[in-house]
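Number of protein chains: 2
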Amino acid sequence: MKSFTSRLKERIESSQSWLCVGLDITPEGMGQKDASFGDVKQHAKMVIDATKDLAAAYKPNLAFFERWGIAGFEWLIEVIEQIGEGPVIIGDAKRGDIGNTAKQYAKSMFDYFHFDAVTVNPYMGVDSIAPFIERAQYGAFVLARTSNKSAANYQNHEKLGNPVYISVAKDCQGLNSNDNVGLVIGATAPEELKKIRKVAPDLPLLIPGVGTQGGDLETSIKIGNYSGPAIINVSRGISFAGDHSPDAIRKAAEDYVSEMREFMNE
Amino acid sequence: MKSFTSRLKERIESSQSWLCVGLDITPEGMGQKDASFGDVKQHAKMVIDATKDLAAAYKPNLAFFERWGIAGFEWLIEVIEQIGEGPVIIGDAKRGDIGNTAKQYAKSMFDYFHFDAVTVNPYMGVDSIAPFIERAQYGAFVLARTSNKSAANYQNHEKLGNPVYISVAKDCQGLNSNDNVGLVIGATAPEELKKIRKVAPDLPLLIPGVGTQGGDLETSIKIGNYSGPAIINVSRGISFAGDHSPDAIRKAAEDYVSEMREFMNE
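In order, the protein sequences belong to chains A and B. Last residue of the first sequence: 268 in our numbering, with the numbers rising by one and none dropped. Last residue of the second sequence: 268 in our numbering, with the numbers rising by one and none dropped.
Treat the hints with care, as some may be off.
Which copy is meant is left open, so a pair is good if it fits within one copy or across any two.
Claimed, not checked - Lysine to any residue pairs mimicking SDA-like chemistry, simulated, CA-CA at most 20 Å apart:
#1 LYS43 / GLY33
#2 LYS109 / SER38
#3 LYS47 / TRP70
#4 LYS200 / ALA37
#5 LYS161 / GLU76
#6 LYS172 / GLU160
#7 LYS43 / ILE72
#8 LYS172 / ASN158
#9 LYS161 / LYS197
#10 LYS200 / HIS116
#11 LYS109 / GLN34
#12 LYS172 / GLY213
#13 LYS54 / ASN178
#14 LYS109 / MET32
#15 LYS54 / TYR228
#16 LYS200 / ASP181
#17 LYS172 / GLN84
It should be emphasised that the hints constitute simulated quantities derived from the structure, not laboratory data. Every value quoted in this text rests on a predicted model; they were computed, and no experiment measured them.
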């Protein structure tokens, strides 16, 4: 059975893309506050159809599905089917619980929803990571240094000179015996990205925060891919590009992928 | 509109109970690996029926519902209806995301599932707490110091002498203008509990880790309730008490509540 990280590397290689398309579709994002659930579903389908060959990965954020209740979870299953084989599918669920509880979440994410990987919140310690990485073919991207403004509130607290995000990165490197542990690091924190790459050279990185949040694409793609693989997440910058038409969405994704290819070839 | 914390205090007062019944029902916990989903649902209903007048609160942990996929979410709605008016209902979801994403989770937890409060993971900073406490009638219990073994991995990292869990407690005290912010602190960390009560004197505490995990009930109830209110969560110690019969379950809950009342009256 192929490990999660091998599968991700193969997809990057075959698609020559480092793009992760984030799926966070709301009526508000569509600029149509009164858009129906059906309109929202239609928009997501359009984004997937327009980008499938360009995406190394998709990252549906569970909040945007759960908001619709049970119908939203049914929609999530449809979205995962629509994406199908090829792109890696990451459930951005930020699950963070321990032992037996985390095992139930792993059952849900991998066996029920069929995600290839899930994002994990490490606040409760290494116990909260372990249950997601028991099976090599499924992966976990653990939050290390996030891209939002208040990220440093707790992530920069230190022990023996190591900020939380470095301790997380070191622990995850140590937990990677199944070749299926990754890290989340915001593109808005390039200095932290460099430090993390040093202590976790092999781990795949999922880098959000390019685009609307102002993160730097060149630094993210170059430093991210210096040793292990790194994929760059773009959500609104693709899903709500230009006039929101299939052409505008595809064009935005193509532009991101071309830029990434150029930086990787430099 | 009554604030979440007022509602919790009133329930504690009227029930003379500080007991939060955790609902984490699995076939494995029932000692019947082959138990059907129907058996699991039946067991949960029995636990609720046997404890409703004794519980200050219930805390369904979403992992144990989500594990069953969409049918599990339908079951969660049933459970919330079964509990009905009276006990406070806390969705143990440990949601941890920011801004617009956290808003979608709040919509799901409060407007769709109708929880009174939700547990929140603060790893991403204060941005990840704010969207859950905008409406006074709904509350958030933010993870400060958890009860599990690896809790100290990151929660004890320091900034200016403050470990993460104290920074979280201070920030939450500051965010409490709507009287609806609480903290989660494990019964297994009594020293940390004392420190947290000093910097967050008013906030309601949700204290897990009594029972199977070995936390001390007396310390938890006395220090927890020294200034603000504190409820003590018991999951397996009630749901899977004795021979798992309604009588054994009720007896376990009664014993916990009697002990709590004695400690409170000392």
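Results for each hint:
1. LYS43 / GLY33: Within. Shortest intra-copy distance 15 Å satisfies the 20 Å Cα cut-off; inter-copy 42 Å does not.
2. LYS109 / SER38: between (31 Å within a copy, 16 Å between copies)
3. LYS47 / TRP70: within (17 Å within a copy, 26 Å between copies)
4. LYS200 / ALA37: neither (46 Å within a copy, 48 Å between copies)
5. LYS161 / GLU76: neither (43 Å within a copy, 44 Å between copies)
6. LYS172 / GLU160: For LYS172 and GLU160, both the intra-copy (14 Å) and inter-copy (18 Å) Cα distances are at most 20 Å.
7. LYS43 / ILE72: both (14 Å within a copy, 18 Å between copies)
8. LYS172 / ASN158: Cα proximity of LYS172 and ASN158: in one copy and across copies (15 Å, 16 Å).
9. LYS161 / LYS197: Answer is both; intra-copy 16 Å and inter-copy 19 Å each pass.
10. LYS200 / HIS116: neither (32 Å within a copy, 45 Å between copies)
11. LYS109 / GLN34: Only across copies: LYS109 and GLN34 sit 18 Å apart there, 36 Å inside one copy, limit 20 Å.
12. LYS172 / GLY213: neither (28 Å within a copy, 33 Å between copies)
13. LYS54 / ASN178: So LYS54 and ASN178 fail the 20 Å test inside a copy (29 Å) and across (45 Å) alike.
14. LYS109 / MET32: between (33 Å within a copy, 18 Å between copies)
15. LYS54 / TYR228: neither (26 Å within a copy, 58 Å between copies)
16. LYS200 / ASP181: Intra 18 Å, inter 44 Å, cutoff 20 Å: intra-copy only.
17. LYS172 / GLN84: Close neither inside one copy (36 Å) nor across copies (45 Å); limit 20 Å.
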